[in-house]
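Colleague: Numbering (my numbering), first residue to last: 6 to 140.
Be a bit skeptical, because a hint or two may be false.
[Claimed, not checked] DSSO-like cross-link-like pairs, simulated, lysine-lysine; straight-line CA separation at most 27 Å:
{"hint": "1", "residue 1": "45", "residue 2": "9"}
{"hint": "2", "residue 1": "8", "residue 2": "34"}
{"hint": "3", "residue 1": "34", "residue 2": "45"}
{"hint": "4", "residue 1": "8", "residue 2": "25"}
Since the hints were made in silico from the structure, they are not lab data.
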Amino acid sequence: MIKKVSHIAIAVPDIEEAAKFYEQQLGLKMSGVESVPSNKVKAGFIPVGDTRIELVQPESPDSPVARFIDKHGPGFQHLCFEVDDVGAELARLDAAGVRLVNKTPVDGAHGCRVGFIHPAATGGVLVELSQPPDA
């Protein structure tokens, strides 16, 4: 079950450079940067109320985000919903015939378990489902 919008991800070639706009022009502060090896990216989160902007920078030329930037340039990359049980949601969607990037959860940022729904199933938007470690 979807609980809320967790974050909106923006693919960027350089997190620190991209964060300057949000900090200098909008007064928002990035709360930290961490490596996410399962997706070969670095992620920086900018809190905005109860949701966050996630700046994602490729750490490898073969990461999905590097391919995204090569094809589309920097910009909106995915929408993430927080869920109670990501494994159950992925299984339910798979049983319904929904095209998935991940049929089983992988490790995400902040200790979350995550899985992605393919953009072909959602009208062109990559959707992430994320289960916090305390769920």
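Colleague: Please name the hints from earlier in the document that this structure breaks, with their numbers sorted from lowest to highest.
Modeller: 4
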